[in-house]
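Asker: Chain by chain, the residues run as shown.
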Amino acid sequence: MAQRIVIDPVTRIEGHAKVSVQIGDDGHVTGARLHITQLRGFEKFCENRPFYEMPSLMARICGICPVSHLIASSKACDAILGVNIPPNAARLRRILNLAQILQSHALSVFHLSSPDLILGLDSPPEKRHLFGVAEKAPEVARDGIRLRQIGQQIVELLGGKRIHPAWVVPGGVSSPLTAEKRDQIQALLPDGLAALDRTVDRFRGIFQRFPEEMETFANFPSLFLGMTDGAGELEYYDGPLRVAAADGSVLATGLRPEDYPKYLGEVAENDSYLKSAYYLPLGYPEGMYRVGPLARLNLVTHCGTPRADHELGALRTFAGSPLLSSFYYHHARLIEMLHCVERIEQLLSDPDVLSPHVRAFSEPNCEEGVGMSEAPRGTLLHHYKVDRNGLIQWANLIIATGHNNLAMNRGIQQTASYFIRDGRFSEGALNRVEAVIRAFDPCLSCSTHAAGQMPLQIDLLGPGGVLLDSVSRTS
Amino acid sequence: MSSSKPTLATVWLDGCSGCHMSFLDMDDRLLALAEQADLVYSPLVDRKDFPEHVDITLVEGSVSNTDDLAKIQKVRAHTRILVSLGDCAVTSNIPGMRNPFGVKTVLTRVFVDNVTVPKPVPSEVIPALLDRVRPVHEVVPVDVFIPGCPPSADVIFETLQNVLAGRPPHTGQVQRFGA
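Here the protein sequences line up with chains C and W, keeping their order.
Residue 36 in the numbering used here is what sits at position 36 of the first sequence, and the numbering runs on without skipping anything.
Residue 103 in the numbering used here is what sits at position 103 of the second sequence, and the numbering runs on without skipping anything.
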């Protein structure tokens with residue numbers, strides 16, 4: 001008998017989603033889909049508002065990575081002003097962005113995924129949360145909370161507020177960094193590096209306990225897309241895009257953000273509010289690519305800071321290069337966290353970091369602007385058109401999770417097909433379908449500019465998809 | 001959950017999750033809170049259905065689609081003290097900005113105008129958007145309001161401490177409005 005399993009809501013992810021898994025008459029999985037169930041419509045309601053409102057308005061797309069939207073939006077506004085911002089404004093924006101990647105990755109690794117990794121994917125669902133981790137391994141929970149806190153404290157010291165700071169503005173940032181605050185940020189970093197050293201040592205061993213998941217969590221060839229510094233070093237703030245094939249060969253490099261309509265396509269799916277992006281030269285859906293930590297590390301030759309490069313080398317020795325299994329997103333996130341702290345340290349040691357020249361002023365000079373940056377989960381793009389008075393006439397946003405939509409859907413199908421066999425499945429099997437989504441760390445808040453003992457609602461479908469019976473199991 | 005501790009839930013309707021992030025910004029105080037109350041339902045835990053009885057539920061976000069509507073009615077029916085957390089829950093804030101345009105215009109812009117290959121607007125499996133986005137108290141009675149975009153971790157913590165101790169919820173000094 002054909003069945004349809006619905007996991008609703010998918011939990012320990014950043015947003016609203018359900019998954020449906022179709023099981024055929026022979027008991028095998030015939031399809032699996034991720035449905036994003038929220039939509040707000042930023043692309044419409046920003047119309048006729050002044051462009052300088054955009055950074056603070058667009059930051060409200062997402063409370064997890066508001067800084068990414070502040071930065072991509074401000075860069076689009078810089079282009080509308082037609083200015084080169086002062087070098088120290090770019091430096092301060094970089095530090096803010098790195099601090100945010102640190103806190104967001106800590107959230108993903110510790111608050112959302114560590115219950116699976118520390119307690120086990122088959123552990124009792126009622127204990128499978130951060131507080132369950134705190135009971136079994138208090139040092140892990142403490143390090144996770146501390147790492148997220150350090151990232152958030154740096155955001156607050158720079159921007160005045162942990163979530164939705166208004167400090168990043170068209171033309172730069174609104175105020176310079178004081179020596180006192182610089183010292184306060186510097187004082188946080190040794191603690192962060194110590195917690196990260198412990199974390200990387202601990203998780204290196206823990207990841208080895210999941211050979212089947214490494215094999216089946218969205219483990220397939222795909223393209224990879226992301227920003228680099230142009231020469232092959234990790235870069236999050238400004239640089240050309242690169243596209244690489246699954247064998248590591250570079251398909252395109254030096255792609256300019258403002259040319260994105262030439263190489264990125266977007267298509268609507270009939271069962272999700274999240275659109276799918278694809279690499280235009282290869283078409284839909286062959287142009288499937290992945291973005292985010294895994295893709296970024298596959299696209300660069302090195303990170304550019306010693307601890308991160310050491311760990312990246314170790315991972316490549318163990319797992320090869322490029323990394324194809326999405327299970328390695330977790331490990332990639334730890335490497336990026338090391339890099340963020342190391343890079344913040346480097347940027348703060350520059351004497352010019354206290355320069356008071358942090359903002360360029362101008363009336364709008366151009367009618368269009370594109371801003372791009374690397375958000376924690378991947379490449380983020382804001383594109384605005386304004387009239388002569390600087391009122392927004394049109395906007396388009398492509399967010400990290402939309403880039404990964406095709407790969408996530410293919411990933412849940414791969415995981416479901418492996419762990420659901422002969423029409424039988426355990427709670428742990430369904431948790432694995434959710435866990436592969438957690439590996440991508442989709443930010444569904446972002447996606448929707450434009451989800452125990454599970455309640456499993458199982459629909460029994462007869463020929464032609466007629467609903468014969470529906471069984472709901474609750475805790 | 002076998003203990004006699006009060007139960008706590010957090011619910012995310014249509015918002016950016018910034019209020020949930022501010023909840024996590026309680027940092028170490030999260031572990032102290034876990035000593036005082038059991039977090040029985042939340043995007044952070046794996047229980048999928050809302051429990052029969054919850055003492056305190058924090059709601060982030062406004063009521064924007066048919067799922068939100070069904071969910072908030074169920075949450076209200078099973079909650080003793082319902083807290084509207086943050087500006088989207090309290091005023092409908094950013095999600096409410098689509099109200100003057102109407103659902104159809106918004107969907108057309110996102111899914112027809114701004115795509116490479118136009119296809120029909122998504123309609124399968126996913127919940128329909130409501131004509132008007134509404135704050136929580138327009139749909140169900142609310143006991144406590146915490147404004148802010150987002151409310152700070154301090155105001156969330158102090159409000160919870162007051163409510164757990166049976167005191168009036170309000171936290172004059174740390175409260176912030178707007179921004």
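Rather than coming from a laboratory, the hints here were simulated on the basis of the structure.
From the three backbone atoms N, C-alpha and C, an ideal C-beta is built for every residue, glycine too.
Careful, some of the hints might be misleading.
[To be verified] Beyond 12 Å from chain W on every Cβ pair, some chain C residues (computed):
hint : residue
1    : Ala2
2    : Arg40
3    : Arg49
4    : Gly63
5    : Gln103
6    : Ala106
7    : Pro124
8    : Ile145
9    : Phe203
10   : Phe220
11   : Glu345
12   : Asp352
13   : Trp394
[Unchecked claim] In silico SDA-like pairs for lysine to any residue, Cα to Cα no more than 20 Å straight-line:
hint : chain 1 : residue 1 : chain 2 : residue 2
14   : C       : Lys127    : W       : Ala34
15   : C       : Lys136    : W       : Lys104
16   : C       : Lys127    : W       : Lys5
17   : C       : Lys161    : C       : Arg91
18   : C       : Lys161    : C       : Lys181
19   : C       : Lys181    : C       : Asn48
20   : C       : Lys136    : W       : Val103
21   : W       : Lys104    : C       : Arg91
22   : C       : Lys127    : W       : Lys104
23   : C       : Lys161    : W       : Asp28
[Unchecked claim] Negatives, chain W to chain C, calculated, CB over 10 Å:
hint : residue
24   : Asp46
25   : Lys48
26   : Gln73
27   : Asn93
28   : Ile94
29   : Pro150
Asker: Next, verify each hint and record whether it holds.
Answerer: Now for the hints, and whether the structure bears them out:
1. Ala2: Check passes; 17 Å lies beyond 12 Å.
2. Arg40: Violated: least Cβ distance 5 Å, not greater than 12 Å.
3. Arg49: violated, 9 Å
4. Gly63: Gly63(C) not clear of chain W: closest Cβ-Cβ about 2 Å, inside 12 Å.
5. Gln103: The claim is violated: Gln103(C) sits with its nearest Cβ about 9 Å from chain W, within 12 Å.
6. Ala106: It is violated; Ala106(C) is separated from chain W by about 10 Å at its closest Cβ, not greater than 12 Å.
7. Pro124: violated, 9 Å
8. Ile145: Incorrect as stated: the minimum Cβ-Cβ distance to chain W is 6 Å, not above 12 Å.
9. Phe203: Holds, since 20 Å exceeds 12 Å.
10. Phe220: Holds: least Cβ distance 24 Å, greater than 12 Å.
11. Glu345: holds, 22 Å
12. Asp352: Check passes; 30 Å lies beyond 12 Å.
13. Trp394: violated, 9 Å
14. Lys127(C) x Ala34(W): Holds - the C-alpha atoms of Ala34(W) and Lys127(C) are around 12 Å apart, at most 20 Å.
15. Lys136(C) x Lys104(W): The given pair, whose Cα atoms are some 50 Å apart, is violated under the 20 Å limit.
16. Lys127(C) x Lys5(W): holds, 16 Å
17. Lys161(C) x Arg91(C): holds, 19 Å
18. Lys161(C) x Lys181(C): holds, 14 Å
19. Lys181(C) x Asn48(C): Measuring from Cα to Cα gives roughly 38 Å; hence the hint is violated.
20. Lys136(C) x Val103(W): violated, 47 Å
21. Lys104(W) x Arg91(C): violated, 42 Å
22. Lys127(C) x Lys104(W): violated, 43 Å
23. Lys161(C) x Asp28(W): This hinted pair holds, its Cα atoms lying about 18 Å apart.
24. Asp46: About 4 Å separates Asp46(W) from the closest Cβ of chain C, which leaves it inside 10 Å; violated.
25. Lys48: violated, 4 Å
26. Gln73: About 16 Å separates Gln73(W) from the closest Cβ of chain C, which puts it past 10 Å; holds.
27. Asn93: The claim is violated: Asn93(W) sits with its nearest Cβ about 8 Å from chain C, within 10 Å.
28. Ile94: Violated, since 5 Å does not exceed 10 Å.
29. Pro150: violated, 5 Å
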